[in-house]
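Given the coordinates of chain B, work out where chain Y should sit on it, guided by the hints.
Chains as they are written, first to last, in this note's numbering: chain B, 1 to 286; chain Y, 1 to 286.
Worth double-checking, as some hints may not be accurate.
[As the list claims (entries may be wrong)] Covered, in the sense of this in silico footprint (three residues per stretch, anywhere, with C-beta under 8 Å from a C-beta of chain B), are these stretches of chain Y: (1) 86 to 94; (2) 124 to 134; (3) 166 to 177; (4) 190 to 201; (5) 253 to 265.
[To be verified] Far from chain B by the CB rule (all over 10 Å, computed), these chain Y residues: (6) SER23; (7) GLU48; (8) GLY115; (9) GLU207.
Hints are computed from structural coordinates only; laboratory data are not their basis.
For glycine and all other residues, C-beta sits at the position ideal for the given N, C-alpha and C.
For reference, the chains in residue letters:
Protein chains: 2
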Amino acid sequence: MTTAVGVLHPGEMGAALASGLLSGAPVDGADVVWAGEGRSPATRARAEEIGLVDVGTPEVLVTRVDLVVSICPPEAAVATARRVAATRFGGTYLDANAISPATAAEVAEVVTAGGGAYLDGAVIGGPAAPRLHLAADAAGGSGGRAGTIAELFGAPVEAVVLDEGGPFAASALKMVYAGWTKGTTALLFALAAAAERLGVGEALRAEWELSQPALPARLDTSAGAGRKAWRWGREMDEIAHTLAAAGLPDGFHAGAADVYDRLAALKDASDVTVEGVLALLLDGEA
Amino acid sequence: MTTAVGVLHPGEMGAALASGLLSGAPVDGADVVWAGEGRSPATRARAEEIGLVDVGTPEVLVTRVDLVVSICPPEAAVATARRVAATRFGGTYLDANAISPATAAEVAEVVTAGGGAYLDGAVIGGPAAPRLHLAADAAGGSGGRAGTIAELFGAPVEAVVLDEGGPFAASALKMVYAGWTKGTTALLFALAAAAERLGVGEALRAEWELSQPALPARLDTSAGAGRKAWRWGREMDEIAHTLAAAGLPDGFHAGAADVYDRLAALKDASDVTVEGVLALLLDGEA
Chain B
1 MTTAVGVLHP
11 GEMGAALASG
21 LLSGAPVDGA
31 DVVWAGEGRS
41 PATRARAEEI
51 GLVDVGTPEV
61 LVTRVDLVVS
71 ICPPEAAVAT
81 ARRVAATRFG
91 GTYLDANAIS
101 PATAAEVAEV
111 VTAGGGAYLD
121 GAVIGGPAAP
131 RLHLAADAAG
141 GSGGRAGTIA
151 ELFGAPVEAV
161 VLDEGGPFAA
171 SALKMVYAGW
181 TKGTTALLFA
191 LAAAAERLGV
201 GEALRAEWEL
211 SQPALPARLD
221 TSAGAGRKAW
231 RWGREMDEIA
241 HTLAAAGLPD
251 GFHAGAADVY
261 DRLAALKDAS
271 DVTVEGVLAL
281 LLDGEA
Chain Y
1 MTTAVGVLHP
11 GEMGAALASG
21 LLSGAPVDGA
31 DVVWAGEGRS
41 PATRARAEEI
51 GLVDVGTPEV
61 LVTRVDLVVS
71 ICPPEAAVAT
81 ARRVAATRFG
91 GTYLDANAIS
101 PATAAEVAEV
111 VTAGGGAYLD
121 GAVIGGPAAP
131 RLHLAADAAG
141 GSGGRAGTIA
151 ELFGAPVEAV
161 VLDEGGPFAA
171 SALKMVYAGW
181 TKGTTALLFA
191 LAAAAERLGV
201 GEALRAEWEL
211 SQPALPARLD
221 TSAGAGRKAW
231 RWGREMDEIA
241 HTLAAAGLPD
251 GFHAGAADVY
261 DRLAALKDAS
271 DVTVEGVLAL
281 LLDGEA
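Just chain B, same shape as in the assembly (with noise of 0.2 Å):
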């Protein structure tokens, strides 16, 4: 059996997902697309890179594959399912974002009334070797569709099927995973801004080296994630719906989107440091 496989749009974790896909049994190298129309130089030439064929637009690629694999920033999942709904597209629609259950639920709205399968799907871990979580659907475990679209990835990625949690479980697990990695990630670099503008920035290092000996050397290496704030304010959103809606809390990520979109302005900065990030943190100037 040969799979079809759409994929809108390889930024560096999308490519990462393509070439699974290309590495993986069931597909001919042939058959994994992507629609090229508008988008920029950078994807152009990822998706060169990995040798998936372009097919122009969303349109166009929707009447090719089987399978369409959403990886996009969570702001636009949403559209990204409305604009292939429109097709009546009526193959498995994979959304691998970083967004809610409840945007999910959306996402799957939308797709299912343009006659698409919906799959929940999310990635943790980085490009080099991401783990695509994928919920089981109704029909049950690994056994069910999930299980087999599992089956259509290579490295370097891992599928797995989440037996528990029901028709969300993968975006579910998204948002609370990246809820710590990403939430102390911002945190970090808030309490490094604050103890810099009360003048204990010093202090606070040395009292780490004796006592939380890993936090310094993790503030450094974090700085350069600054650059990719500029996407990560919006899936603290959706971390924060998510605690909301399950009772909690969801002051936490309101405050990290808040840092990463003060950060938004080192987007493909070439040299970022710990000092450029908490200057714009603290006074709009890197």
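Only chain Y this time, still in chain B's reference frame:
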């Protein structure tokens, strides 16, 4: 030279500071006193165990000492200072509480208006090995009054004079330090509770085992800290105010305060489990 010291009030950490004074070079044991009137049997037992002399009330205490050490829940810091200032205490008032620089400034104003001298302090680390940070006074550095008072403390206390950050540097340092330690514990509780509510608790643990291997153990060992949550809510408020005053988001610690407030019922609980903490967060029932 002998300096008589009064400790208000020797809870667990106050008792540790008092022990440091009793073991410190310039202090004769009989010269460390406390005010036992109306305090709990547990506080009395701790004070008697380390050999503090009970002089009854704060009003009597201040007539006997040159230095008052205030170590109490954050929300009692200003009231404790007011009670001492009302006596026209003319000695040094060391506030070692977990309060924002703004609250510390309020305490300083109360103390100074009453005729005393304010010294800003804060404790980092547990009662077994606390570091007492002291803000350098305007006279500057470890050669000033802060240095003299630092020398009063022996084991288990390590007293450190902060050369930078101004008259409320110790409070500032405590806020940004505890903003991480207690802030991340609250975040971990909130995310684990959300995972439970969303049905992905086991999937989150499995993902953590792979990619965040320290977290499962941290969650398990943090559960016991739920017992102290009753006095951490207001400390989180102080941290939130500190960040807001520094122009940074206060949401992280507003969320943390909410988490700890929900856990206040665990005070004096004999057996605190992760399951109990999460149930209390989600449903108000342990």
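Structure-inconsistent hints, enumerated in ascending order: Of the numbered hints, 1, 9 do not hold.
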